[in-house]
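**Q** Sequence:
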Amino acid sequence: MIINGLISIKAQEIFDPSEQKPRIIAVAIEDDLEIDGVLSEEHWKMAKPVKSFKQLDPMQGEPAKQNTEVSILYNRKNLYIGVFCKDTLGKKGIRVPDLRRDFGSAGSDLFGISLDPFNDARNAQSFQTNPYGVQRDLLVIDGNTRNTNWDGLWVVRTSRTDSGWVAEMEIPWKSIRYPKSGQTWNVNFFRNARRINEFSAWSPVPRVFSPYRMNYAGEAVGITPPPPSMNLRVQPYGLVQTASNSEQEYDFAAQTEYKIGGEVKWAITPNTILDVTANTDFAQADADRKVINLSRFSVFFPERRQFFLENGNIFSVGWSGKIEPFFSRRIGLDNSGGPIPLIGGLRLTHRDAKRNVGALVMHQQRSAITPETSFGVARYSHNFGKQNRIGGLFTGKWGQPTDSTSLTYNYSGTIDGFMRINQSLEWRYMVSTTTNEEGSDGIAAYSNLEFSNNWLHMYLDLARVDDQYNPEVGFVGRTNYITTNPGFYFIIRNKPWIPKFVRAYEPGIFLDMYSDASDYKLLEYSWQIYPLWVKFQDGTRIAFSIEPTYQYLPEAFYPLSVEIKDGHYDYVRYLAKYTSDLSKKVSGMANYFWGTYYDGKLQTLQLQLTVSPIPHVYFSTNYQLSRVEGLGVEGVSKD
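Counting from 1, position 569 in the sequence shown corresponds to residue 569 in the numbering used here; the numbering is continuous, with no gaps.
Keep in mind the hints are simulated off the structure, nothing from the lab. A few of these clues could be false.
Claimed, not checked - Computed cross-link-like contacts, BS3-like style, restricted to lysine-lysine with a CA-CA straight-line distance of at most 25 Å:
#1 LYS500 to LYS638
#2 LYS638 to LYS585
#3 LYS565 to LYS638
#4 LYS601 to LYS500
#5 LYS51 to LYS65
#6 LYS21 to LYS386
#7 LYS174 to LYS77
#8 LYS322 to LYS354
#9 LYS638 to LYS86
#10 LYS354 to LYS54
#11 LYS21 to LYS54
#12 LYS495 to LYS577
#13 LYS65 to LYS21
#14 LYS577 to LYS601
#15 LYS54 to LYS92
#16 LYS92 to LYS638
#17 LYS521 to LYS577
#18 LYS77 to LYS48
#19 LYS65 to LYS92
#20 LYS500 to LYS65
#21 LYS565 to LYS54
#22 LYS54 to LYS77
#23 LYS65 to LYS48
#24 LYS265 to LYS354
#25 LYS48 to LYS92
#26 LYS54 to LYS65
Just so we're clear, the structure is a prediction, and the values are computed from it rather than from any experiment.
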């Protein structure tokens, strides 16, 4: 009993990175490999595989129940990763709901590698796949700031056997950013064996952290990448558009328009990249999701255009989705997401172990509502200590004069930083100012203090944005406010009173509170109290929350086209949430909100059903129904 108790306590501990890191030896070869997902070439017999994966979840530090074996080869063109993921049920044990790129990791078998060639323990490039060879890739800063929209250039093939599944990755050197010298890289391998919901890694990481925390990574030794050479990629395009009119009564001559353009990517060195674009065409970018906005403030939509995504984290500053001095969607898109033609521009980025540097210049054509506009962005951040950095960001926007307008401009200057005080405690901060041709000067500041270990997560967000702060090349959800947002939740496991089919019980309390920055008057607060948040062993989740809310409306508000008059409002809403095992062939989610809403009542039901009888067939449907009762000046009741 005492031994079991000590093991349970040990599993809850946050441990420091090991001074004796695990090592994998990369083996050099001369030939190119055929990427077929079989690992049948003689070269793989030369490799020196590693095994001994350790669980992150559910039992931190214990040997993985499903073994994984990884090898590394390389030549002058590519880095090769060979993987065997053993499964005691073979093909029958595989869980892959769909074959979409950048698939959701929670519902699928997965193998991934995180690379940190600069050994700065801050940044990671991650390449991941599932048993059907679908790609998932992302860029990560500080172990938790992720850019999942980035798509790298690499190849993977897989095969499925009666003893598990095999993956063979080919990552071109031109897709990896690495220093000119050095043969030891930080690297980690990880796997999600979804049937038993086991997440494991080669180099042990505390359960609360991700395998992107590169200070916990192992080492890949013996890697000698090729020296810098001409690394140029050109992506031209041509567009012909013809418009004509078949109706005789209209005098409309046929018109034909021609457009050519494209992009050039030049890796000047492996860690210095120049991107040039001309007559930029973003037709390949995904459309924004549709959102019903019931708040009084702007909705944040992420960047989806690939030109802005690679190394986009270098320019990432501020409170994501709330205060961002630079937001690339302000270039070439209007506020509704409609495209504005770009004449062209360039972006230069550089990364090494000590610093990150970025510069961006773009020129935008005139539209019906905006003048011809130029944009400039400059970024510098410097690493110091083991896990700290400080940096600055400058943005500028210049609107060219027209017959009816004069030159307009908007500048912003920002200082930001990150400190990892210890493995569990980290601090982010930012101070930013803006000015324009009218002499309107504004300031914003943000601080985030966050603590995480295996049994408690808590944070404190503090921010102030005055009414003149307006980064026209950035995003601000609202202005003239002070906010205090604390929150915490417990992570309770392995208790005698918790049933074995429950993995964790995570009750928590969160507060969002806003005051007027001018007179400090309370504007609103919202508590989110979760007495019930349960994770089951198979990945199913259920939750229930109580949300007392106070709102002060300085002017009338029109949600769902219903007028709510200005004044003070106190109301309470409730949420019941269910998410099934997303790895099953049939899965679903259900959210039910109810309770009072301003001076009326609001009920909202959100349903999602997903059916995937085989990975190649995926069907998903969403349904939402909202009903208001006695809402607003007229006491409206409607669906």
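**Q** For a C-alpha distance cap of 25 Å, please report whether LYS565 and LYS638 respect it.
**A** Holds: LYS565 and LYS638 sit about 18 Å apart, inside 25 Å.
**Q** Please verify whether LYS21 and LYS54 have alpha carbons no more than 25 Å apart.
**A** holds (14 Å)
**Q** Is the straight-line distance between the alpha-carbon of LYS51 and that of LYS65 25 Å or less?
**A** Holds. LYS51 to LYS65 sits at ~12 Å (cutoff 25 Å).
**Q** Could you grab the alpha-carbon distance between LYS65 and LYS21 and see if it respects the 25 Å cut-off?
**A** Given that 25 Å is the threshold and the Cα spacing comes to 22 Å, the pair holds.
**Q** Are the Cα positions of LYS638 and LYS585 separated by 25 Å at most?
**A** violated (36 Å)
**Q** Do the alpha carbons of LYS48 and LYS92 lie within 25 Å of each other, as the hint requires?
**A** violated (29 Å)
**Q** Would the pair LYS565 and LYS54 pass a check requiring their Cα atoms to be no farther apart than 25 Å?
**A** violated (58 Å)
**Q** Taking 25 Å as the top limit, are the C-alpha atoms of LYS322 and LYS354 close enough?
**A** Not satisfied, since the Cα-Cα distance of roughly 29 Å exceeds 25 Å.
**Q** Are LYS54 and LYS65 close enough, with their CA atoms no more than 25 Å apart?
**A** holds (9 Å)
**Q** Holds or violated: LYS65 with LYS92, Cα cutoff 25 Å?
**A** holds (17 Å)
**Q** Hey, LYS54 versus LYS92, does the alpha-carbon distance stay inside 25 Å?
**A** OK: LYS54 and LYS92 at ~23 Å, within 25 Å.
**Q** Take the C-alpha atoms of LYS354 and LYS54, compute the straight-line distance between them, and say whether it is at most 25 Å.
**A** Not OK: LYS354 and LYS54 at ~31 Å, beyond 25 Å, violated.
In the structure shown, a violation is registered for the earlier hints numbered 1, 2, 4, 8, 9, 10, 16, 17, 21, 22, 25, in ascending order.
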